[in-house]
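Peer 1: Given next are the chains, with one letter for each unit.
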Amino acid sequence: MTDDYEHYEAVVVGAGPGGAAAAATLAQNGVETLVLERGVESGSKNVSGGLIYAEESAPYTIDGLFPEFRSEASERPVTEYYLHNVAGRNVKTIDLTDLHEHDTTWSDAVLRRHMDSWLEGRVHEMTRETGGGLLTGVRVDGLLREAGEIVGVTCEELDPIKADAIIAADGVNSELARDAGLMDWEDPEEWFQGVKAIVDMPASAIAERFGVDEDEGVAHLFSGDLFEGVRGGGFLYTNDDSLSIGTVFHLDSLVAEAAEPHELLDALLTHPLLDQWLQGEYEELEYGAKLVPDSKKAANPSPHQGRLMLVGDAAGQMQAQGPIIKGMNHAVSAGALAAEAFSEAQTRGRPGEAGQRYETKLRDEGVMAKLRPTRYTVASAVGENGAVASVTDSLVDSPLGRLGIEAADRLGLLRRAFNSPFVMSVMPDTRTPYVTAPTAIAEALGTPVREENDVEPPDLADRIGDLTYDVGDPHIELRDNSFAASGAAVSACPVSAKDFGGGCYRDEKVKTNGHEEHLVSLDTQPCVECGTCAIVADTEWEHPAGGKGVEFEQG
Amino acid sequence: MHTLVLTKGVPDFREGQVSFDEDGHLERGKTPTVMNPNDKHALEAALQTKVRHGGTVSLMSMGPPGYKEVLQEGMADVYADDLYLCSDREMGAADTWATSITLSTGIDHLDEEPDVVFAGFKTADGETGHTGPQTCWCQDWPIVTHVVALDIDEEERTLRAKRLVEGDVEEIETVEAPLPCFVVADPEFEPTYRKAEHRLRHKDLRAETQKRAENFEDHLEVYDQEELNLDPDFIGLDGSPTIVAGVDPIPKAPPEREATMVDPSDEGAMADVFEELEPYAGAD
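Chains A and B supply the protein sequences, listed in that same order.
Under my numbering, the final residue of the first sequence carries the number 555; numbering is consecutive throughout.
Under my numbering, the final residue of the second sequence carries the number 284; numbering is consecutive throughout.
Don't take every hint at face value.
To be verified - Below, computed lysine-lysine pairings styled on BS3-like, alpha-carbon distance capped at 30 Å:
no.: 1; chain 1: A; residue 1: K548; chain 2: B; residue 2: K40
no.: 2; chain 1: B; residue 1: K203; chain 2: A; residue 2: K162
no.: 3; chain 1: B; residue 1: K203; chain 2: A; residue 2: K548
no.: 4; chain 1: A; residue 1: K297; chain 2: A; residue 2: K361
no.: 5; chain 1: B; residue 1: K162; chain 2: A; residue 2: K548
no.: 6; chain 1: A; residue 1: K548; chain 2: A; residue 2: K498
no.: 7; chain 1: B; residue 1: K252; chain 2: B; residue 2: K30
no.: 8; chain 1: B; residue 1: K195; chain 2: A; residue 2: K548
Stated by the list, open to error - Quick partial rundown of chain B residues pointing at chain A, CB under 7 Å, derived from the structure:
no.: 9; residue: R194
no.: 10; residue: K195
no.: 11; residue: A196
no.: 12; residue: R199
no.: 13; residue: L200
Just so you know, these hints were derived from the structure itself, not from any lab.
Just so you know, even glycine gets a beta-carbon here, dropped at the ideal spot from N, CA and C.
Just chain A, same shape as in the assembly:
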């Protein structure tokens, strides 16, 4: 009995940049579009590293779709871009501005609450014009099917809704992508985990300490030996009157090293190199975390099924080009292409062809080639081979390797290599580019930092305490609470730690019938909804109800 259900021509799930781009494009094409967002306001559920790009080669850009975007929704543009290779106090800085500017029309730092809530207003106005609109506080929890075919969505707060097209832009933990069997949360190797602190800093201090005018900004990246050997790195971006400082690591590496994400962030925050910017002052406005798909492995080349099309993180569309991470720009392109595909298919009277058209557009417009470069497949087959990786790593770390690094630097090759989009896109996911090489470069070529950094980041309890929650019913169920099955979550969860009793996951030794069991327990109250535990532990994971759970003020 689905005849009484509401019907819209298109339903867009999620009002981040991908959903906003899809909805705006649908509305521009006259399509009746309903947008459903589960946060109390768009952006309240979102965290991102903090840079959005407009690529010269992209079919769509966010400011193309929303002309006032840069003046009203974003923070500072990135006008300088540096990579710091770190070994102890030794730092070798390489200017990556060329790599950053490759194919880039502009790139701005953003804070998601501000950015997405601005988009929400525009999208609502546009979609209302064509008979739809945008609703917040509505959690879409599954697909509505009739005779096995996807015909709409089901929601906690509303009766089921039918639609001719469903665009799932519901983020990295997309419940619709899983419901359709198009994405899974199985393999830690396909994911990164990012954690981020927003640090208060007046515009005048940013101007003075970073040497920038009000319409300029800086990006700094950090790699080397400051993260306990975990594969990944750190970043610092300047916002209008705050800094985004964070870390991004391969999830499998975090699990293998049993590293605590918040401690790795603290290692960056307290490194002497940061003293020049923090100068002993540190007020953390917000701590957040996010799971990041590695598009090279996770991007679905055929992200559609029936009336359903996936865009953005929901389809694994997040490109790590060496140290540069591009996600939101691809979500914008994909969202607009999915919308375009549906409008065209509908005009031709064959709305069912939208998905196939979308797939073709992703390929023809070059989006898929950026997300899953063929050359990476070839390079990784060699570079990620265990024996080759081990030899390469030892070589870079050897006296011979040091000689090579010094020679490369003298010839300017080092800077050129780091600034080569080609080299960066074929970097293998091994220790070498993330840890060994940066450390060796810093040891061979770096100069020591003399300053002391005496900032004291808040502890985990304070970080959790500063977040805003409207706790609903528990949204995660631990299916297997043995330490063997789910213990990795204790350290990998960004709001849990091995010796901390106030986080989501806790390590427990329980004596039963004379023998001791090693178990984990779960309390979802401080959950930041990153989804890490869905991958590293055995859980039944879903989002909290609309408007419930964590609410990011900055994002």
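Once you've looked at the hints, dock chain B against the given chain A.
Peer 2: Quick look at chain B alone, frame taken from chain A:
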């Protein structure tokens, strides 16, 4: 669908707002007037009706000119279209009976007869719960009280409601009544918006009303005695059969601890305070 909500301004009884004199009498001049908190449920029921069925919502109250602000507050809450205030010196000091007669005449005076009149569940000052039912009696319409859920069939001109039997949350009955009809919303009333279309309309109305409430006086009509032409024996104090025999102030609770006042500029006295506190401070 045209609905009307009856509302009343009452003293703000919240701690820190309300003011009593030495004899325990309420000081009206010093206590702000707010919308009767129980009227919120009537407003929610009316808003749900407007969102689901379209049409207009009007608010009506009887009271001094200062009640205009109460109506403005209600306008913002219920996204009302029009406001009506029955206000005249001759209507003052009315009990619930005289008030009901005045409001009923006010309803008859409207350009368009409402399909549903919503009344709140007893007022915070009088606590009688009489005014809604008595006004209905004057109109000779059906009334459904203790309503917790509501559905209207516009074509059939009927209203179907779930109501608490004797106000008991354990026992709920479903009743049907022809329109026009009076509805008293229970504090347990929960508006439900399960359709996206309704939530979108709700959002539109909010945006529209924000502007309207800023210029609420453009949408306000005051009905005075000249306009309503009521029999003076049936309104105000003269029309009120209720006689207040007396008022027993609620005795003040005795203090649980003895307090000593200390002048902070008196160093000696302050030193004594520190001496007193020291054992509890956990200092070495």
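Peer 1: All hints, please: hold or fail.
Peer 2: The hints, checked one at a time:
This hinted pair checks out: K548 of chain A and K40 of chain B have alpha carbons roughly 24 Å apart, not beyond 30 Å. Distance restraint check for K203 of chain B and K162 of chain A: the Cα-Cα separation of roughly 21 Å lies within the 30 Å cut-off, and the hinted pair is therefore satisfied. The suggested pairing of K203 of chain B with K548 of chain A holds, with an alpha-carbon distance near 20 Å, which does not exceed 30 Å. Pair hint K297 of chain A plus K361 of chain A holds up; C-alpha atoms about 20 Å apart against a cutoff of 30 Å.
Among the hinted pairs, K162 of chain B with K548 of chain A is consistent with the structure: their alpha-carbon atoms are about 29 Å apart, no more than 30 Å. For a cut-off of 30 Å, the pair hint linking K548 of chain A to K498 of chain A stands: about 27 Å separates their Cα positions. Between K252 of chain B and K30 of chain B, the direct Cα distance comes to roughly 20 Å. Compliance with the 30 Å bound is thereby established for this hinted pair. Annotation: proposed proximity of K195 of chain B to K548 of chain A holds, straight-line Cα distance about 20 Å (limit 30 Å).
Taken as an interface hint, R194 of chain B checks out: its beta carbon lies about 5 Å from the nearest beta carbon of chain A, inside 7 Å. With 7 Å as the threshold, the beta carbon of K195 of chain B comes within range of chain A, its nearest partner Cβ sitting at about 6 Å, so the hint holds. Hint status for A196 of chain B relative to chain A: holds, with the closest Cβ pair at about 5 Å, below 7 Å. Taking 7 Å as the C-beta cut-off, the interface hint given for R199 of chain B holds, the closest approach to chain A being about 5 Å.
Annotation: L200 of chain B was flagged as interfacial toward chain A, and the flag holds, the nearest CB pair being 4 Å apart, inside 7 Å.
In summary, this structure violates none of the numbered hints.
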